[in-house]
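Enquirer: Residue numbers (UniProt numbering), protein chains in the order written: chain Y, 1 to 387; chain W, 1 to 387; chain A, 1 to 387; chain X, 1 to 387.
Keep in mind that the hints were calculated from the coordinates and are not lab data.
Among the clues, some could well be false.
No distinction is drawn between identical chains; accordingly, a pair holds when it is met within one copy or between any pair of copies.
Derived BS3-like pairs: lysine-lysine, alpha-carbon spacing no greater than 27 Å straight-line [stated by the list, open to error]:
| # | residue 1 | residue 2 |
| --- | --- | --- |
| 1 | Lys235 | Lys278 |
| 2 | Lys381 | Lys278 |
| 3 | Lys8 | Lys113 |
4 protein chains.
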Amino acid sequence: MDFSLSPKLVELQQRTREFIASDVIPLENDARQGAHGPSEALRAELIERARRAGLLTPHASVELGGLGLTHIEKAIVFEEAGYSPLGPVALNVHAPDEGNIHLMDVVGSDAQKQRWLKPLVEGHSRSCFAMTEPDPGAGADPGMLRTTAVRDGDDYVINGTKWFITGAEGAAFAIIMAKLDDGAATMFLADMNQPGIRLERLMDSLDSCFTGGHGVLHFENLRVPATDVLGEVGKGFRYAQVRLAPARLTHCMRWLGQARRAHDVALAYARRRQAFGKTLGEHEGVGFMLADNELDLQTARLSIWHTAWLLDQGHKGNLESSMSKVFVSEAAWRIVDRCVQVLGGQGVTAETIVMRIFRDLRAFRIYDGPSEVHRWSIARKLLSNAS
Amino acid sequence: MDFSLSPKLVELQQRTREFIASDVIPLENDARQGAHGPSEALRAELIERARRAGLLTPHASVELGGLGLTHIEKAIVFEEAGYSPLGPVALNVHAPDEGNIHLMDVVGSDAQKQRWLKPLVEGHSRSCFAMTEPDPGAGADPGMLRTTAVRDGDDYVINGTKWFITGAEGAAFAIIMAKLDDGAATMFLADMNQPGIRLERLMDSLDSCFTGGHGVLHFENLRVPATDVLGEVGKGFRYAQVRLAPARLTHCMRWLGQARRAHDVALAYARRRQAFGKTLGEHEGVGFMLADNELDLQTARLSIWHTAWLLDQGHKGNLESSMSKVFVSEAAWRIVDRCVQVLGGQGVTAETIVMRIFRDLRAFRIYDGPSEVHRWSIARKLLSNAS
Amino acid sequence: MDFSLSPKLVELQQRTREFIASDVIPLENDARQGAHGPSEALRAELIERARRAGLLTPHASVELGGLGLTHIEKAIVFEEAGYSPLGPVALNVHAPDEGNIHLMDVVGSDAQKQRWLKPLVEGHSRSCFAMTEPDPGAGADPGMLRTTAVRDGDDYVINGTKWFITGAEGAAFAIIMAKLDDGAATMFLADMNQPGIRLERLMDSLDSCFTGGHGVLHFENLRVPATDVLGEVGKGFRYAQVRLAPARLTHCMRWLGQARRAHDVALAYARRRQAFGKTLGEHEGVGFMLADNELDLQTARLSIWHTAWLLDQGHKGNLESSMSKVFVSEAAWRIVDRCVQVLGGQGVTAETIVMRIFRDLRAFRIYDGPSEVHRWSIARKLLSNAS
Amino acid sequence: MDFSLSPKLVELQQRTREFIASDVIPLENDARQGAHGPSEALRAELIERARRAGLLTPHASVELGGLGLTHIEKAIVFEEAGYSPLGPVALNVHAPDEGNIHLMDVVGSDAQKQRWLKPLVEGHSRSCFAMTEPDPGAGADPGMLRTTAVRDGDDYVINGTKWFITGAEGAAFAIIMAKLDDGAATMFLADMNQPGIRLERLMDSLDSCFTGGHGVLHFENLRVPATDVLGEVGKGFRYAQVRLAPARLTHCMRWLGQARRAHDVALAYARRRQAFGKTLGEHEGVGFMLADNELDLQTARLSIWHTAWLLDQGHKGNLESSMSKVFVSEAAWRIVDRCVQVLGGQGVTAETIVMRIFRDLRAFRIYDGPSEVHRWSIARKLLSNAS
């Protein structure tokens, strides 16, 4: 048992921390961002800064131009990146690109990697992951998939509607989940600038941290050559798991950073602000909230580290990544909710970054499987294990 | 003991409910509203609709043109009004005007009522309540008041900065809390269109339900004639209590309505939406959330009714209104948070009204005394009572 | 709407309160009680005291010798009785007799009332309610009933095992739930001193407030004349509901009294005990717990009153009694858990009455339907209502 | 970062697990235990079994006859020991001896070790730690110490009253905390069989896992030679910290084991027991409780491991051991409370071990510093750190 970080990793952690402080946080109030996230121009500037700092797309393999980080290393670096809502954009470790990079790296063909993955890793393009559909289609239950892909010669013809497609606006390409005649789910790669793809609208969302926001997409007789199937036909759901288990965990890493940021802001305020004859922090009611934040931060971090270590050992870690996802998403939410309470009026206005984190964070208890689906999945695993 | 409503009150409840459904909810997506609340034009239209329905400013005394509702009656009508975020605007029972009307009715002079209160009751103007100050001024602890009023001949000269001043933009007048040389807090009435009052900016806030948003106000040598002191000199803190005890409770009434709305939306979705082979609601995990909503709605309502009844009996109800404020603000928050979770992606986007309620509601655990201040106040009362 | 109590009810409340203080609390440390509750001798003394005070079996009809209390009146009197763990025993309003009296009063024949109900109301005997069975029999799910009753001439012959049968030891008679050949559940009345009934053992339980403890009963070819069927054949489940809806609520009333007692003990300690330079209560962390107790006490009481009022209006109140049961059992538990925490070492030892209340209370979240079953029942009702 | 256990530690874990299963659990229903814990005879038998298994007093240094376990090793072994309420007694790692052994090993003189520590490590004797006093003496706030030690020639004369003294009955000796004339707290070693020490009574407690129960002790002119001062005069409070930081953590380890046991019992029941047409565990409401148990077990374990590792690195770990204490005591409580709920009637009776664990566990949120004192301590550390 050893909780220490290697000197190299400590150096990378420190360097990322300093980069976020010096190069990213100063841009948090930059005007080039809005309800649907940072603009492409702001993103480009952030990417360029990370590139100069040698921190761009650090999770990608060395061959692809990244740092080839292990899961534990990602845990350290992504938490630091998450300290600013713009940090994951800068380091190119944001969702959905981060997960897409991982998936394509594992199952993509060389040609696909060359064409789509390389520019993604280099920060020159963005992607989206088109799985979720409006009622009565696939939501928390992927089995309800309704988008269809019909073989037609050397092509597949795709029809269907997707929504909550993060980053759709401005994405260079999409990974599309559709089902064949026989019901087998399959993933397809497709450039977004095609007549068969229509972005109907952007959805107004509570969060504003994702470049390109969340879009509603229509596929109308979209033709995709069979060579653009991602991986093998019929393995769509299996690949979704390949993508999701680590993607869930990187969400945890980034959100832990944001929760820590909120806590630091609240703590600084509690140290300074007077009320009823002493500082806020000297009131037990407030002090207890700060203590609970620290407890949540610490246990969330340990949960992430443990699951990351398991993944690094070659375990699938499905149970553990579910557990981390539930625990961290709920702990981070408790933290930022307490920070809002400590900050009072400043917690519910843009006077501090905390309101933004509060808005961005809420959906994490929902996406990549709502807490309820994960709890149920954990329960089933517990119940089925012999004992 | 009798929990029944008089036939007259049931009729008023029903009429308000129908008015909200037919005249207010259809305007919820009206373009004339934004980050800082409904526009004056939208407000005017809503007010006009309520006037036609005979529901305008129902809490004002009959002499002033209202319906002279008791607290219990307000509990019924305001909950119905709160069923839409625009309902309190329409009925002219929104904050801060609702509390200001009450306060001015109790302590204002006839001349003040004629000049300021009458147009307010008639829905022709709005007001604001300028008490909260930026750090290191008065926040949760009103004793830290820094805005000063200095006697100068027949006038007072007021200097200071206020923030989180709800409805400041567009308000016809303000009630200003300031302290005299001897430290005694005093309230002043002042028209907003004066050179001594400057609206520096509107604050970006989580909520968007208040006409005029939340502003930062500067008073720079603002001259107020001594005749425009509201009530008596030096009684500012006492009046703040006169205003706050019932104002807290009317907040509870309105938010209960919004929480009920969110619950109804989530319930309808849980009845319809399928996942994993049955409706969402048939999943115990979701069903339990709905049951907890019902428990919270019911106990919150009973808490409001009990405190309202006490106030109607002539009790000050300070302890009870603190208790209702803590309980209802936290119960309503739990409800809307659960609704977001039940709705999944639709809970964190503008696809339903629930995200808006979620955003609007959070601050209620903070304003009119954060939960922590009320818990402390309740504790001190418990500890000081002999037993 | 009226929350006031009639002068007569206030007098009864006050009289009960004084009786508990003067005649019951002094016996709380009486040696005639143990792990399986008060002895018959102690019970007899308590009953005699209540008889002298005119407070015996107050919920029974006037014809039967009681005070014929309405549900609201029971809410007031039973809360006072519950202020001591021995209070319900003294007033003869404890479980299961209280519910059995209610059920027999509604569905029993005149002969049955004369033979079994009258001595019960007079405090001369006790009864038990034999429904729950060991796995795989009927527990939270009554449909799993396995005890059988087979018609044989003018008799029924009953076989089966029951457990958690409260008050079995020393009970004069039992109400037995069994199913006929056609699966129809039926209730039978039977004296306990028969060869066909065997008390195997008493179960060691967390609580110790029920006279006669909780027993394991075997019915072995128990012969019951058809005239001793309670009510009609085949209506067992319906009668269980007749019994349970109000019985759940009277549990709430009594436990509210016990929670209030624990709170009073903790409050007195927090006022007196010093730590870190001030009284415990002056520490916000403790003060907040006391405030939360008061919030829980108040909302629990209002929930009980509301459901009691509904029952008094002739409503079945199934939804509402489920809601009160869940809310009050959980609120009371939170209260007594906080009291233990405030009392520290004295909370987990017999130095105060609180440990005993803590032990007695836990099972209330389980019996008469665990919280989970009630939440599910509430959810189904919500989901099935058209909206 | 490495979460793996060495093969040697895995072997020790496995061996302890098997020992508990084969040698300890079969004695759980042994009659030689009661309200005040296992009898000396039962303890002797358990000790003898552990000695034969080579698992006795494994935390003691090798010189003293133990296995010289590191903190991480203790985390593994003590969790296994805690799987039975009798396990810590068997391995001689129970409180208060475990902490006393640690303290005496660090600060005791050679003569003291020879006379008192050696037989303790060998399992031949027990000890107690006499610090807590009745109101108005030292409780959660040790500064309120009232027991006095007055120098008289070569002796100190001690007077005072202590309570909640775990293991007092039957202990061979006590470590007594008293204050000198100048207020300096000092620890003394004293054999219990002296006229100056009187055990007034045993306190009836919720728990029953400690041999010797919890006693009330009076020191009346107890003469202690100056050579029996433990460590240095005036360092009592400092030593209390030396004892408490690791002692808190070993409590966490043992209780984690008991929580895991309760969870295993509930899980097995949920797999088997039917209700409403499926197993309990297949009901989401129950499945979610089991999932939450797993989440709590896992995060509690990680918190313990992390703090243990820090202590092994030579850190004092005061903040971290406070954090682990709060988190683990509350997580373990949540777990066992959920287990009771899952088990229903069997959870609140002695039908399973869970009721006993439930009773034993509650006090852990109180002793070695109640959660409130630790939260406050954590908050102060957070607030004082520069940031």
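Enquirer: Hint by hint, where does the structure go against what was stated? Just the numbers, ascending.
Expert: 3
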